[in-house]
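*Asks:* Quick note, the sequences are listed as chains A and B, same order.
Residue 1 is where the first sequence starts when you use our numbering, and the numbers rise one by one after that.
Residue 162 is where the second sequence starts when you use our numbering, and the numbers rise one by one after that.
Rather than coming from a laboratory, the hints here were simulated on the basis of the structure.
From the three backbone atoms N, C-alpha and C, an ideal C-beta is built for every residue, glycine too.
Be careful, since some hints might not be right.
[Claimed, not checked] Reference excerpt, derived from the structure (chain A facing chain B, CB under 10 Å, subset only): (1) P8; (2) Q20; (3) D29; (4) N31; (5) G81; (6) I100; (7) K119; (8) L121; (9) M134; (10) I136; (11) Y138.
[To be verified] Residues of chain B placed beyond 10 Å of chain A at every Cβ, according to the derived structure: (12) M171; (13) E182; (14) K205; (15) Y206; (16) R216; (17) S224; (18) S225; (19) E227; (20) R229.
[What the hints assert, rightly or not] Below, a list of computed lysine-lysine pairs in the PhoX-like style, where the Cα atoms sit at most 20 Å apart: (21) B:K205 - A:K152; (22) A:K119 - B:K205; (23) A:K107 - A:K119.
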Amino acid sequence: MPITGFFPTGFHPLPAPHVQAALFLPRLDLNGLVSFMIDTGADNTTLSLIDVERLNVNYRRLRRSSLIGVEGFGGEQRCYGEDAILILRDEDSNTYFFPISIHIPVKGKRQGQREQQRKLLSVLGRDVINQCNMRIDYQQGITELTPPEGAKQPVATRRLL
Amino acid sequence: MPITIDVKNMMAKAGGEEAIEFRLRRFEDDVRYLHSLRHELLRKYLNRWVAVHERSLVAHGRSSSELRRQLSDKGIPANEAVIDFIASERKAMLL
């Protein structure tokens, strides 16, 4: 069975497909639920600042060595890379595990910048999308991700502490 | 020393597979519920942060920190609540 998402039609005139996932950050011993916009333009799955704060991520615990630059139309933004397990569930209650390096944006220095960062969406990038068969059809209201069978198996996280 | 943590242990610590599924389904439902409240939210909570949990609007505030404080006071885990900013005008996005 595919994992089903949906187009939230509430606030945006051009709704984008979303999917909800459980996210585990093993090294930080944190977990939470996140709504991701499916974004084929993003290399990596990335958290918005509001979700970083919802998960109670302590920036002091993030590794400076994991900092990388991420380029977009808005310019370059720096992000930390953090080992994470993204968990998706299908309608048959199958669990799929995606070990990824999730991107966590560096906080803006000014309050105004941070407020702007909080209003961005968390995005599901091609690090997850490319492992799945994806079907998106706005007219039919279809958002489906079919993960590989291998993603059903629990996997050991790659590098912790 | 590098250590590895089995995903199953991690999930067990979070309540087990069934509990995670239950919370995830509830979260999905809350996301949909938030969007179904569009007209009411635009009327009452313009330019405010709002939070939905278990199909209820549980908090609203001028800043996200105020909102998270309210959630904490009510014993609602922020990592399971749906939080959004009710903007008067949605800007075009290019992510």
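*Asks:* Compare the structure with each hint and give your call.
*Replies:* Each hint tested on the structure:
1. Checking P8 of chain A against chain B: minimum C-beta separation of about 4 Å stays under 10 Å; hint holds.
2. The restraint placing Q20 of chain A at the interface with chain B holds, with a minimum CB-CB distance near 5 Å, inside the 10 Å limit.
3. Given the 10 Å rule on beta carbons, the hint for D29 of chain A holds: about 8 Å separates it from the nearest Cβ of chain B.
4. Taking 10 Å as the C-beta contact cut-off toward chain B, the hint placing N31 of chain A at the interface holds, the least distance being around 5 Å.
5. With 10 Å as the threshold, the beta carbon of G81 of chain A stays out of range of chain B, its nearest partner Cβ sitting at about 17 Å, so the hint is violated.
6. Interface restraint check: I100 of chain A against chain B, minimum CB-CB distance 13 Å, threshold 10 Å, status violated.
7. Using the Cβ-Cβ criterion of 10 Å, the hint placing K119 of chain A at the interface with chain B is satisfied: the shortest such distance is roughly 5 Å.
8. Contact between L121 of chain A and chain B, as hinted, is supported at the beta carbon level, the nearest pair being about 7 Å apart and thus within 10 Å.
9. At about 17 Å, the closest approach between the beta carbon of M134 of chain A and any beta carbon in chain B exceeds 10 Å, and the interface hint on this residue is violated.
10. Against a cut-off of 10 Å between C-beta atoms, the interface hint on I136 of chain A is violated, since the closest Cβ of chain B lies about 16 Å away.
11. Here the hint on Y138 of chain A is broken, as its CB sits about 15 Å from the closest CB of chain B, past 10 Å.
12. Distance check on M171 of chain B: its Cβ comes as close as 5 Å (rounded) to a Cβ of chain A, failing to clear the 10 Å threshold; non-interface status is violated.
13. The Cβ of E182 of chain B sits about 5 Å from the closest Cβ of chain A, inside the 10 Å cut-off, so the non-interface label is violated.
14. Non-interface status of K205 of chain B relative to chain A is upheld: no Cβ of that chain comes within 10 Å, the nearest being about 14 Å off.
15. The non-interface label for Y206 of chain B is consistent with chain A: the shortest C-beta to C-beta separation is roughly 12 Å, beyond 10 Å.
16. Listed as outside the interface, R216 of chain B is consistent with that label: its C-beta sits roughly 15 Å from the nearest C-beta of chain A, beyond the 10 Å cut-off.
17. Not every Cβ of chain A is farther than 10 Å from the Cβ of S224 of chain B; the closest lies at roughly 8 Å, contradicting the non-interface assignment.
18. Its closest Cβ contact with chain A, about 5 Å, brings S225 of chain B to no more than 10 Å, contrary to its assignment away from the interface.
19. Residue-level check passed: E227 of chain B sits 12 Å from the nearest beta carbon of chain A, beyond 10 Å.
20. At roughly 7 Å, the least C-beta separation between R229 of chain B and chain A is not larger than 10 Å, which violates its mark as non-interface.
21. Taking the CA atoms of K205 of chain B and K152 of chain A, the gap is about 44 Å. The hint is violated against a cut of 20 Å.
22. The straight-line distance between the Cα atoms of K119 of chain A and K205 of chain B is roughly 19 Å, inside the 20 Å bound, and the hint therefore holds.
23. Note on K107 of chain A and K119 of chain A: the hinted pairing holds, with a Cα-Cα distance of about 13 Å set against a maximum of 20 Å.
In summary, the numbered hints that this structure violates are 5, 6, 9, 10, 11, 12, 13, 17, 18, 20, 21.
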